[in-house]
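Undergrad: Fit chain B to the known structure of chain A by using the hints.
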Amino acid sequence: MKKLILLALFVPVMAFGQHPVKVDSVKILRDSIAVLNRRPVMTADQFIEIYKYETLLKYYRLCQKKPTNWKFYKGWSERVFENK
Amino acid sequence: MANFEQAIDPVLTSEGYIQKYGKSGYVNDPADAGGETIAGISRNNWGNEAIWLYVDSAKKKPGFPASLAGNLNIRAMILDFYNRNFWRPLLGNSIQNQAIANLLVDKAVLEGITSAVSRAESIVGLPQTGKISNILIAKLNALT
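Protein chains in written order, with the working numbering: chain A, 1334 to 1417; chain B, 222 to 365.
Isolated chain A, as found in the complex (with noise of 0.2 Å):
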């Protein structure tokens, strides 16, 4: 077992001792970790997600300050979810 692990180690610097990285290849890595760090941190799906739950936060704390809102509150909360 330790062999087969020894080996795994070594063969890709063996591989890579025997056979120098490209230019085209870094190029290919750089641009690749470009294109992923130009992608935006979240989804439109998990913006939609967060900005639902927000929008119900701020409905639960109208209604801790002012407790006569609290009959609004189930209307409010369906509203937040219910349009697509």
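It is worth saying that the hints were derived from the structure and are not from the lab.
In this text, all values refer to a predicted model and were calculated from it rather than measured experimentally.
Hints may be right or wrong, so weigh each one.
Computed beta-carbon distance windows for the label pairs [claimed, not checked]: (1) S336/B to L1362/A: 41 to 51 Å; (2) Y1393/A to N314/B: 24 to 34 Å; (3) V1368/A to N265/B: 50 to 60 Å; (4) Q1397/A to N269/B: 30 to 40 Å; (5) I239/B to L1362/A: 52 to 62 Å; (6) F1405/A to K241/B: 23 to 33 Å; (7) Y1393/A to L347/B: 16 to 26 Å; (8) P283/B to Q1397/A: 41 to 51 Å.
For every residue, glycine included, the Cβ atom is placed at its ideal position computed from N, Cα and C.
TA: Positioned in the frame of chain A, the structure of chain B alone reads:
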């Protein structure tokens, strides 16, 4: 590019205006701070809107308020109202994702444009100005 009618249809449904079911979204509840309201447009807040001339005229005819639901002038005015006061100020046509446009319009109608936009700015990491901007639109359109 997001579509105005697709964004506003769910809003109108929430506001009680469902034309195909003959619901006009007209209410006149004395307990409601907005007073007389049609499809979410309250007379107390939007009393200068021309739609009220049509509503007042329809009151004199039989079948009110159900008659409002089938009135094409009323529908056109409702759509114009939401387009003018919410869709255009939110630059809805510039938003690419329909679901995001729907969400922003709905919350702008419910809470006001400033509040709806501020929340979006906060989530995408922009300073909260409450004003729609090309930077915010670009950030929203960059979401995949």
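Undergrad: Failing hints, ascending?
TA: none
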